[in-house]
Amino acid sequence: MRHHLVLRVVAKLLIPFILIFGLYVQFHGDYGPGGGFQAGVIFAAGFILYGLIFGLDKVQKVAPPAWIRVLVAAGVLLFAGVGVAGMLLGGNYLDYGVLRHDPVHGQHLGILLIEFGVGTTVAAVMITIFYNFAGRGREDR
Amino acid sequence: MRLRHLFAVVMLSGIYSLLSAGIFVQLDAVDVAFTEAAVGAGITTILMLGTLALTTDTERPPVKRQWLPLVVVLATGAALIYGTLDLPLLGDPNAPANLHVAPRYIEQSGQEVGVPNIVTSVLASYRGYDTLGEVTVIFTAGIGVMVLLGGTRRRKRKKNRP
Numbered sequence: 001m002r003h004h005l006v007l008r009v010v011a012k013l014l015i016p017f018i019l020i021f022g023l024y025v026q027f028h029g030d031y032g033p034g035g036g037f038q039a040g041v042i043f044a045a046g047f048i049l050y051g052l053i054f055g056l057d058k059v060q061k062v063a064p065p066a067w068i069r070v071l072v073a074a075g076v077l078l079f080a081g082v083g084v085a086g087m088l089l090g091g092n093y094l095d096y097g098v099l100r101h102d103p104v105h106g107q108h109l110g111i112l113l114i115e116f117g118v119g120t121t122v123a124a125v126m127i128t129i130f131y132n133f134a135g136r137g138r139e140d141r
Numbered sequence: 001m002r003l004r005h006l007f008a009v010v011m012l013s014g015i016y017s018l019l020s021a022g023i024f025v026q027l028d029a030v031d032v033a034f035t036e037a038a039v040g041a042g043i044t045t046i047l048m049l050g051t052l053a054l055t056t057d058t059e060r061p062p063v064k065r066q067w068l069p070l071v072v073v074l075a076t077g078a079a080l081i082y083g084t085l086d087l088p089l090l091g092d093p094n095a096p097a098n099l100h101v102a103p104r105y106i107e108q109s110g111q112e113v114g115v116p117n118i119v120t121s122v123l124a125s126y127r128g129y130d131t132l133g134e135v136t137v138i139f140t141a142g143i144g145v146m147v148l149l150g151g152t153r154r155r156k157r158k159k160n161r162p
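Chains as they are written, first to last, in the working numbering: chain G, 1 to 141; chain W, 1 to 162.
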């Protein structure tokens with residue numbers, strides 16, 4: 001794809017907006033449509049587009065595979081950890097009401113945290129799958 | 001329509017996903033449309049193209065005609081269409097799905113969770129276990145792909161050792 005000038009310019013213009021839109025869907029999920037799953041795939045799509053146009057090496061410089069692999073687990077751990085934190089504070093597992101003094105504020109905080117965990121895992125898994133598929137053919141050569 | 005050229009099949013399935021994303025927008029399920037457009041039309045198409053690049057892009061003609069799969073598919077499809085005859089109409093207020101817990105979510109989630117988007121409060125709070133399970137499924141899928149496709153490097157190292 002290195003010689004496709006139009007694709008490269010358009011991708012460079014689009015990617016910041018895709019990433020910003022992903023973050024918007026992530027953190028505005030309480031108020032508008034969206035949430036962790038949608039934000040994760042949109043965010044990952046930005047990285048995958050960059051990888052498609054500029055090559056696997058470039059995108060792996062931005063997002064090293066080892067870091068992404070850590071993020072795959074970190075999101076699930078954050079989600080499960082919020083549940084455990086609720087248990088330690090005297091509630092049921094995944095009961096966010098006890099995270100703050102006011103149950104509604106606790107719910108807000110819990111939802112924000114677990115949606116962030118969902119988004120992290122989904123984005124990291126999508127990027128990892130892309131890395132594995134795209135990197136498969138070249139190591140054998 | 002029959003196609004042996006798998007590149008065209010992948011492109012058609014991507015277009016189909018994009019069209020169904022449009023249908024989801026029509027049904028007011030914008031968040032599902034996001035996912036369908038990003039995963040179905042975008043990422044899946046890229047992964048399928050990656051698979052074609054690793055394998056081959058034309059389907060081998062079958063050795064002999066197999067009628068059993070066709071019969072199974074037609075029978076299942078007929079059974080599913082027969083099943084839809086009993087489904088309540090779309091948006092019917094008396095449908096069982098709208099009578100069970102939905103009224104409580106709609107009336108109480110404002111005070112209990114305080115999040116304006118009821119879908120988010122159902123997904124993240126009332127059905128937190130479900131969502132945790134879904135994330136675990138995605139996590140497992142990622143691990144599975146890593147185990148299946150990411151193993152080349154280690155094998156190479158082993159070869160170099162002696």
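In short, the hints are calculated from the structure, not lab data.
Any given hint might turn out to be false.
[Stated by the list, open to error] In silico SDA-like pairs for lysine to any residue, Cα to Cα no more than 25 Å straight-line: (1) G:Lys61 with G:Leu19; (2) G:Lys61 with W:Val147; (3) G:Lys58 with W:Thr51; (4) G:Lys61 with W:Leu47.
* Determine which of the earlier numbered hints do not hold for this structure and return their numbers in increasing order. => none
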